[in-house]
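Go ahead and model the full structure; you've got the sequences and the hints to work with.
Listed below are the residues making up each chain.
There are 2 protein chains.
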Amino acid sequence: LNFHHIGIFVKSLDFGYSQMSKFINIGSTSQKIEDEVIGVEIIFLKDTHNITYELVSPYGDNSPVKGVFARGKDFLNHIAYTTNQFDYEIKRLRTEGMIPLGPAKKAKAFKGARVIFFLTTLGFIIELVENKLEII
Amino acid sequence: LNFHHIGIFVKSLDFGYSQMSKFINIGSTSQKIEDEVIGVEIIFLKDTHNITYELVSPYGDNSPVKGVFARGKDFLNHIAYTTNQFDYEIKRLRTEGMIPLGPAKKAKAFKGARVIFFLTTLGFIIELVENKLEII
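Protein chains in written order, with the working numbering: chain A, 1 to 136; chain B, 1001 to 1136.
To be clear, the hints were calculated from the coordinates, so they are not data collected in a lab.
For each residue, glycine too, the CB sits at the ideal point set by N, CA and C.
Keep in mind that a hint or two might mislead.
Here are the simulated DSS-like cross-link-like pairs (lysine-lysine), alpha carbons at most 27 angstroms apart as the crow flies [unchecked claim]:
1. A/Lys22 / B/Lys1073
2. A/Lys66 / B/Lys1073
3. B/Lys1066 / A/Lys91
4. B/Lys1111 / A/Lys73
Derived, one-sided and incomplete: chain A residues facing chain B with beta-carbon distance under 10 angstroms [as the list claims (entries may be wrong)]:
5. Ile8
6. Lys22
7. Ile24
8. Asn50
9. Gly123
10. Leu128
Chain A side only, calculated, beta carbon under 7 angstroms to chain B, not exhaustive [to be verified]:
11. Ser21
12. Phe23
13. Ile99
Structure representation (structure tokens):
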């Protein structure tokens, strides 16, 4: 799997951007992406060391992000990886004991490529992103 | 600040290594570092995309890592950055509302360079590492 980004949950994209800029040098910023299906609003930031951060904030009333704020944990939420073998890797990770957090969904942030989240055996979340095209 | 690593808390370094290898391609691995002062045992992994991960497990009876396991959260624990202006950056981050989690300490993992952890205004932890020499 290929490292893609560090996913961070923020109350609002503006607040997230302003606070991240206190400790990273933001080199480029994506457009804001509103994904009604998944219930999130997203921007990607790339720092001057070429590390990509995804800021995710709640969108709509049933956003899965709201639970994170209710629980007050896991703001540093996930590490995302791309793969050219999306379906194969899902099966493989399951046999390794990683637990899917819901089904794969098409994500607007990745131009309709599928994503799926797993709770790893180490207690944190990883995201798989189907690498079917140049994403950003 | 310069991205250095993603810090992950694991029950044991062996278990952490074996599980990380299920989803990253490990390119190189550091020696194991036992830091009695901070109460942690550490290895660094670098994946084939040049991302460095720090695996941290408890060492000794008073390890600060044990609280994370008791609370069952924040296993994806922190993002670490190096800086050549360690003392200046500590003051600056404080004025920006980031909260130091204890004093700066010399860390064996960084050959005695000082480290300090901050709770950011985004609810997750960052580590500052004094960049006084080539670390790894």
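Check your understanding: Can you give the numbers of the hints that this structure goes against, from lowest to highest?
Key -> 3, 4, 11, 13
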